[in-house]
Amino acid sequence: MKAFQQNLQRLEAADTQVLGVSMDSAFSDKAFADQIGVTFPLLSDWGGEVTRQYGIYVDKYKAARRVNFLIGKDGKILEEQVDKDAIDPTRIVDTCERPKLKN
Amino acid sequence: MQEKLPKMLAALLLAGTLAVASTGPAVAQSKPPEGGSMSMPKVGDMAPDFTLKYFDGNDLKDVSLSQYRGKKNVVVAFFIFAFTGG
Numbered sequence: 001m002k003a004f005q006q007n008l009q010r011l012e013a014a015d016t017q018v019l020g021v022s023m024d025s026a027f028s029d030k031a032f033a034d035q036i037g038v039t040f041p042l043l044s045d046w047g048g049e050v051t052r053q054y055g056i057y058v059d060k061y062k063a064a065r066r067v068n069f070l071i072g073k074d075g076k077i078l079e080e081q082v083d084k085d086a087i088d089p090t091r092i093v094d095t096c097e098r099p100k101l102k103n
Numbered sequence: 001m002q003e004k005l006p007k008m009l010a011a012l013l014l015a016g017t018l019a020v021a022s023t024g025p026a027v028a029q030s031k032p033p034e035g036g037s038m039s040m041p042k043v044g045d046m047a048p049d050f051t052l053k054y055f056d057g058n059d060l061k062d063v064s065l066s067q068y069r070g071k072k073n074v075v076v077a078f079f080i081f082a083f084t085g086g
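The listed protein sequences derive, respectively, from chains A and B.
Each step along the first sequence adds one to the number in my numbering, with nothing skipped, and position 66 is 66.
Each step along the second sequence adds one to the number in my numbering, with nothing skipped, and position 5 is 5.
Looking at chain A on its own, in the form it has when it is part of the complex:
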């Protein structure tokens, strides 16, 4: 989440909203956001319905995998980063800054 915060100005300049999602309560998400200085919303998927809908719920850990989706203005998925690759969002930031996505 910190990595997105560090890139937030670039993402916002490229017309991109960042939303974090976890299966924690909204209140612990907020405490986490405050602690690490995240200013974008961290959404609570309490119960994991959306996490399952996106196919990234891991039974073994009773939690989500670390996955980033970049979704375009038309609602289609443009990029996916999974597990270790999802820690560094550079590719997503670069994709957002492609001129055709700015319009």
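Think of the hints as simulated: they come from the structure by calculation, not from any bench.
Check the hints yourself; a few may be wrong.
[To be verified] Derived CB-CB ranges, DEER-like:
#1 B:K71 with A:G48: 25 to 33 Å
#2 A:V82 with B:A11: 54 to 62 Å
#3 A:D59 with B:N58: 34 to 42 Å
#4 B:G70 with A:S28: 29 to 37 Å
#5 A:R52 with B:A15: 47 to 55 Å
#6 B:K42 with A:R10: 23 to 31 Å
[What the hints assert, rightly or not] In the EDC-like style, the derived pairs of lysine to aspartate or glutamate whose C-alpha atoms are separated by at most 16 Å in a straight line are:
#7 A:K76 with B:D45
#8 B:K71 with A:D74
#9 B:K72 with A:D15
#10 B:K72 with A:D74
#11 B:K72 with A:E79
#12 B:K42 with A:E80
#13 A:K73 with A:E49
#14 B:K53 with A:E49
#15 B:K71 with A:E12
#16 B:K42 with A:E79
#17 A:K73 with B:D49
#18 B:K72 with A:D34
#19 B:K72 with A:E12
#20 A:K76 with B:D49
#21 B:K42 with A:E12
#22 A:K73 with A:D15
#23 A:K73 with B:D45
#24 B:K71 with A:D15
A quick note: this is a predicted structure, and the numbers were derived from the prediction, not measured.
Ideal placement from N, C-alpha and C gives every residue a C-beta, glycine not left out.
On the provided structure of chain A, position chain B as indicated by the hints.
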């Protein structure tokens, strides 16, 4: 006749063994694939819409993916638990 009986039994046993052996692999093939839960949407797919809540410090607020349609790109970053790195 009495001499033929053991041979018939042996033939029956052999046939039975062959039948079991031949059905074995077929049973193995019909097993469902591993991890048969819902799969991840792919690049180019429509992202499933959702509405989730977050706490802005004062109120619980609803955010849905569809509210950004036609306005903004959206990064949806799933993370494992609060208070973990990344």
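Outcome of the hint check:
Distance hint check: the CB atoms of K71 of chain B and G48 of chain A are about 28 Å apart, consistent with the given range 25 to 33 Å. A hinted range of 54 to 62 Å for the beta carbons of V82 of chain A and A11 of chain B is consistent with their spacing of about 57 Å. The hinted range of 34 to 42 Å is satisfied by D59 of chain A and N58 of chain B, whose Cβ atoms lie roughly 36 Å apart. G70 of chain B and S28 of chain A have their C-beta atoms about 33 Å apart, which keeps the hinted 29 to 37 Å range intact.
Against the hinted window of 47 to 55 Å, the Cβ-Cβ separation of R52 of chain A and A15 of chain B comes to about 49 Å, which satisfies the hint. For K42 of chain B and R10 of chain A, the Cβ-Cβ distance of about 26 Å falls inside the hinted range of 23 to 31 Å, so the restraint holds. For the suggested pair K76 of chain A and D45 of chain B, the alpha carbons sit about 5 Å apart, so the restraint of at most 16 Å is met. With a CA separation close to 9 Å, the supplied pair K71 of chain B and D74 of chain A stays within the 16 Å bound.
About 5 Å separates the Cα atoms of K72 of chain B and D15 of chain A, which keeps this hinted pair within 16 Å; it holds. Straight-line distance between C-alpha atoms of K72 of chain B and D74 of chain A comes to about 9 Å, which keeps the hinted pair within the 16 Å bound. A distance of roughly 15 Å separates the Cα atoms of K72 of chain B and E79 of chain A; the hinted pair therefore holds under the 16 Å criterion. Restraint check for K42 of chain B and E80 of chain A: satisfied, since their Cα atoms lie roughly 8 Å apart, inside the 16 Å limit.
A hinted pair counts as satisfied when its Cα atoms are at most 16 Å apart, and K73 of chain A with E49 of chain A does not qualify at roughly 23 Å. Distance check on the hinted pair: K53 of chain B and E49 of chain A sit about 13 Å apart at the alpha-carbon level, within 16 Å; holds. With a C-alpha separation of about 12 Å, the suggested pair K71 of chain B and E12 of chain A falls inside the 16 Å cut-off, and the hint holds. A threshold of 16 Å between alpha carbons decides the hint, and for K42 of chain B with E79 of chain A the separation of about 9 Å falls inside it, so the pair holds.
Between K73 of chain A and D49 of chain B the alpha-carbon distance is near 13 Å, which keeps this suggested pair within the 16 Å criterion. At roughly 25 Å between alpha-carbon atoms, K72 of chain B and D34 of chain A are farther apart than 16 Å, so this suggested pair is violated. A C-alpha spacing of about 9 Å is found between K72 of chain B and E12 of chain A, which places the hinted pair at or below 16 Å, so the restraint holds. For the given pair, K76 of chain A sits about 11 Å from D49 of chain B by alpha-carbon distance, which is consistent with the 16 Å threshold.
Taking the CA atoms of K42 of chain B and E12 of chain A, the gap is about 24 Å. The hint is violated against a cut of 16 Å. At roughly 9 Å between alpha-carbon atoms, K73 of chain A and D15 of chain A fall within 16 Å of each other, so this suggested pair holds. Distance check on the hinted pair: K73 of chain A and D45 of chain B sit about 13 Å apart at the alpha-carbon level, within 16 Å; holds. For the hint pairing K71 of chain B with D15 of chain A, the CA-to-CA distance comes to about 8 Å; that is within 16 Å, so the pair holds.
Checked against the numbered hints listed earlier, the structure breaks hints 13, 18, 21; every other hint is satisfied.
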